[in-house]
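Participant: Please take these sequences and the hints and turn them into a complete structure.
Residue numbers (the numbering used here), protein chains in the order written: chain Y, 1 to 324; chain G, 1 to 324.
Don't read these hints as lab results, they were simulated from the structure.
Please read all numbers here as calculations on a predicted model, not as lab measurements.
Heads up, a few of these hints could be off.
Label pairs and their calculated CB-CB ranges [unchecked claim]:
1. Y:Arg157 to G:Ala21: 33 to 41 Å
2. Y:Asp105 to G:Asp277: 25 to 33 Å
3. Y:Asp280 to G:Arg157: 20 to 28 Å
If you want a taste of the chain G side facing chain Y, the calculated C-beta under 7 Å gives, among others [what the hints assert, rightly or not]:
4. Val16
5. Phe43
6. Ile62
7. Met66
8. Glu131
9. Ile202
EDC-like cross-link-like pairs, simulated, lysine to aspartate or glutamate; straight-line CA separation at most 20 Å [as the list claims (entries may be wrong)]:
10. Y:Lys17 to G:Asp137
11. Y:Lys194 to G:Asp137
12. G:Lys222 to G:Glu69
13. Y:Lys317 to Y:Asp168
14. Y:Lys107 to Y:Glu141
15. Y:Lys19 to G:Glu69
16. G:Lys188 to Y:Asp137
17. Y:Lys17 to G:Asp118
18. G:Lys25 to Y:Glu71
19. Y:Lys18 to G:Asp105
20. G:Lys18 to Y:Asp168
21. G:Lys114 to Y:Asp137
C-beta: ideal position from N, C-alpha, C; glycine also.
Number of protein chains: 2
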Amino acid sequence: MLYRDSGVDIERADDVKKKIAQLVKSTFNKNTLTEIGAFGGAFKFGDKILVSSTDGIGTKVILARMMNEFEGLGHDIVNHCVDDILTLGALPLFFLDYYAGHTIDNKVLLPFIKGATDACRENGVVLIGGETAQLPDLYKEGDFDIAGFIVGYVEGRIIDGKGIKSGDKVYGLPSSGLHTNGYTLARKVCFEIKGFTPDTYIQELEESIGEALLKPHVSYLKFIKPHISKIKGLAHITGGGFEGNISRVLPEDVDCVIDTGTWEVPVLFKLLQEWGDIPDREMYRTFNMGIGMVVIGHRVEGSIEIGEIVEGKGRVKLEGLRDS
Amino acid sequence: MLYRDSGVDIERADDVKKKIAQLVKSTFNKNTLTEIGAFGGAFKFGDKILVSSTDGIGTKVILARMMNEFEGLGHDIVNHCVDDILTLGALPLFFLDYYAGHTIDNKVLLPFIKGATDACRENGVVLIGGETAQLPDLYKEGDFDIAGFIVGYVEGRIIDGKGIKSGDKVYGLPSSGLHTNGYTLARKVCFEIKGFTPDTYIQELEESIGEALLKPHVSYLKFIKPHISKIKGLAHITGGGFEGNISRVLPEDVDCVIDTGTWEVPVLFKLLQEWGDIPDREMYRTFNMGIGMVVIGHRVEGSIEIGEIVEGKGRVKLEGLRDS
Chain Y
1 MLYRDSGVDI ERADDVKKKI AQLVKSTFNK NTLTEIGAFG GAFKFGDKIL VSSTDGIGTK
61 VILARMMNEF EGLGHDIVNH CVDDILTLGA LPLFFLDYYA GHTIDNKVLL PFIKGATDAC
121 RENGVVLIGG ETAQLPDLYK EGDFDIAGFI VGYVEGRIID GKGIKSGDKV YGLPSSGLHT
181 NGYTLARKVC FEIKGFTPDT YIQELEESIG EALLKPHVSY LKFIKPHISK IKGLAHITGG
241 GFEGNISRVL PEDVDCVIDT GTWEVPVLFK LLQEWGDIPD REMYRTFNMG IGMVVIGHRV
301 EGSIEIGEIV EGKGRVKLEG LRDS
Chain G
1 MLYRDSGVDI ERADDVKKKI AQLVKSTFNK NTLTEIGAFG GAFKFGDKIL VSSTDGIGTK
61 VILARMMNEF EGLGHDIVNH CVDDILTLGA LPLFFLDYYA GHTIDNKVLL PFIKGATDAC
121 RENGVVLIGG ETAQLPDLYK EGDFDIAGFI VGYVEGRIID GKGIKSGDKV YGLPSSGLHT
181 NGYTLARKVC FEIKGFTPDT YIQELEESIG EALLKPHVSY LKFIKPHISK IKGLAHITGG
241 GFEGNISRVL PEDVDCVIDT GTWEVPVLFK LLQEWGDIPD REMYRTFNMG IGMVVIGHRV
301 EGSIEIGEIV EGKGRVKLEG LRDS
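Facilitator: The following block contains the structure:
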């Protein structure tokens, strides 16, 4: 099975991408500091730099509904956004949430807000605003979608990967699970192919498949913050995996070589691959495979060395895949 | 017909509101400058004040789909967000969009981005980021939702309504139509009760009902900006209408008395009321009735006097309604 078989096609036609980039660039002014495609947008404001980003948490909301567990989604959306701007070297200031659904069910909204505010406090972020939209004609009964918006600032310099050189080591920080990507595929594999329910107990995981899948996204703020001035490049491993995300910060004269044998891929990913008969390359393009944040050029606490930078052409190479 | 008959219930239980407010306040720090319930959140950043807001455009997206016209939605979401932070006296800096749908249809996405980037340039706003999420299991085929997020800054003081006094005049700036609120009710009235299609020509409007309903949200930036230091209070008339929105900036020792006979309610609203047999009070609570922005304490160009501030208890009173 491939990700596109589950109904999601990550690729977009190059000419459409180009047209969108052209339109977006038409709004840029002298204060715009980042190029299109970065993990966040950087904006010069007086003598400071603001960095912002928006994201959703995909169909993890559907899994949460199946399990009637919504607090984790609050952690997911906040931590995902914190990690996105962190990759530019930004520390978070404030967050806003957008929650839209068929009905505003307080049994969903309250635990979600509880989780989001807990995560905000953990990250030192103020929940400064939000929108709750009841759209019965747009969402099916019980359905809802969540998006988050974050603003942070860069104290010293933007981490943009420009200093990355051949010989730099590449480190990985562990993820807690799927974080917020690949859920459409994972649900197909677990609940359609395998016919599980969320509370099917999986011996190898020592917990139910639902519990394993619903684990909240990790915030890497506390790991990265103490070292922020020394790190050359950061990649948040989300949709697109290692190749799609590391390439966003890689200079054009180097390659990043990841040795996939350097860390133990968590059992959950191995099981999903086996159950769905998913090729290695597809797994590493869809899921984080146990590494939620890649750090280039400086070792941070809790990380393991997973690869290195060599002379090249801006490519990300995954070594040790069975189908490469 | 009442708005809640169309499936949208604007009210939320007070205890839930209180619990959410408590959770949200638990994230506040010394830099948080606004209370919950303002049109935007204000955040002290160094010696500057940042203001941000997030919003959607409701089921206007469904109307746009019926008409296969998506450029206006880009103007809607940008202008709505610009107006929201404008009410605090903030000038916009940058914007991010969130677009989620069953499929990412370029025939929808491209015109939407075209409209959004046009509106960004018109408002001097940089489109600094965005997220496009393909969620086939969450949205029905053809369905999508749009949210926007804006950050601006206050140059002088936040406009918070605190200086509003008995005797201040209240002015209104004209809207272009429904802007981005009341579409669930309007669609029910036009397409279910009346059985129209979007291209049904309406003599009184001198255009089709679809064209009349789809008119983009007005940005009030150019009207307000030259007078920003003199204005005492601003209310963006969105969901909740005059009462729900003016009350957000009104001190507790005054009332705002709006004389609904001072402006000509546009024909579109009159027709919707007649077709749907909607009581006056419900009309003024759901729709902007021709006034998109209320300005208190200073006349701005293009505005008309629609009421005044008197001693009172923080209430908004609508005079001249037939069912009050």
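Participant: All the hints need checking, so say for each whether the structure fits it.
Facilitator: Here is what the structure says about each hint:
Take arginine 157 of chain Y and alanine 21 of chain G: their Cβ atoms lie about 38 Å apart, and the range 33 to 41 Å holds. Between aspartate 105 of chain Y and aspartate 277 of chain G the C-beta distance comes to about 30 Å, which sits within the given range of 25 to 33 Å. In this structure the hint that aspartate 280 of chain Y and arginine 157 of chain G lie 20 to 28 Å apart at CB is violated, the actual value being about 59 Å. For the restraint placing valine 16 of chain G at the interface with chain Y, the shortest Cβ-Cβ distance is roughly 5 Å, inside the 7 Å limit, so the hint holds.
Interface restraint check for phenylalanine 43 of chain G: the shortest CB-CB distance to chain Y comes to about 5 Å, inside 7 Å, so the restraint holds. Proximity of isoleucine 62 of chain G to chain Y holds as hinted, the smallest CB-CB distance being about 6 Å (cut-off 7 Å). At a threshold of 7 Å, the smallest CB-CB gap from methionine 66 of chain G to chain Y is about 11 Å, leaving the interface hint violated. The beta carbon of glutamate 131 of chain G comes within 5 Å of a beta carbon in chain Y, closer than 7 Å, and the hint placing it at the interface holds.
The criterion of a C-beta within 7 Å of any C-beta in chain Y is not met by isoleucine 202 of chain G, whose closest approach is roughly 22 Å, and the hint is violated. About 24 Å separates the Cα atoms of lysine 17 of chain Y and aspartate 137 of chain G, which puts this hinted pair outside 20 Å; it is violated. Annotation: proposed proximity of lysine 194 of chain Y to aspartate 137 of chain G holds, straight-line Cα distance about 18 Å (limit 20 Å). This hinted pair does not check out: lysine 222 of chain G and glutamate 69 of chain G have alpha carbons roughly 26 Å apart, beyond 20 Å.
Restraint check for lysine 317 of chain Y and aspartate 168 of chain Y: the C-alpha separation of about 15 Å stays at or below 20 Å, so the hint holds. For the proposed pair lysine 107 of chain Y and glutamate 141 of chain Y, the alpha carbon gap of about 14 Å is at most 20 Å, so the pair holds. Of the supplied pair hints, the one linking lysine 19 of chain Y and glutamate 69 of chain G holds, its CA atoms being roughly 19 Å apart against a limit of 20 Å. Straight-line distance between C-alpha atoms of lysine 188 of chain G and aspartate 137 of chain Y comes to about 10 Å, which keeps the hinted pair within the 20 Å bound.
Taking the CA atoms of lysine 17 of chain Y and aspartate 118 of chain G, the gap is about 18 Å. The hint holds against a cut of 20 Å. Restraint check for lysine 25 of chain G and glutamate 71 of chain Y: the C-alpha separation of about 17 Å stays at or below 20 Å, so the hint holds. Distance check on the hinted pair: lysine 18 of chain Y and aspartate 105 of chain G sit about 16 Å apart at the alpha-carbon level, within 20 Å; holds. Restraint check: the Cα-Cα separation between lysine 18 of chain G and aspartate 168 of chain Y comes to about 52 Å, which exceeds 20 Å; the hinted pair is violated.
Of the pairs offered as hints, the one joining lysine 114 of chain G and aspartate 137 of chain Y is violated, with about 26 Å between alpha carbons and a cut-off of 20 Å exceeded.
The structure shown violates the earlier hints numbered 3, 7, 9, 10, 12, 20, 21.
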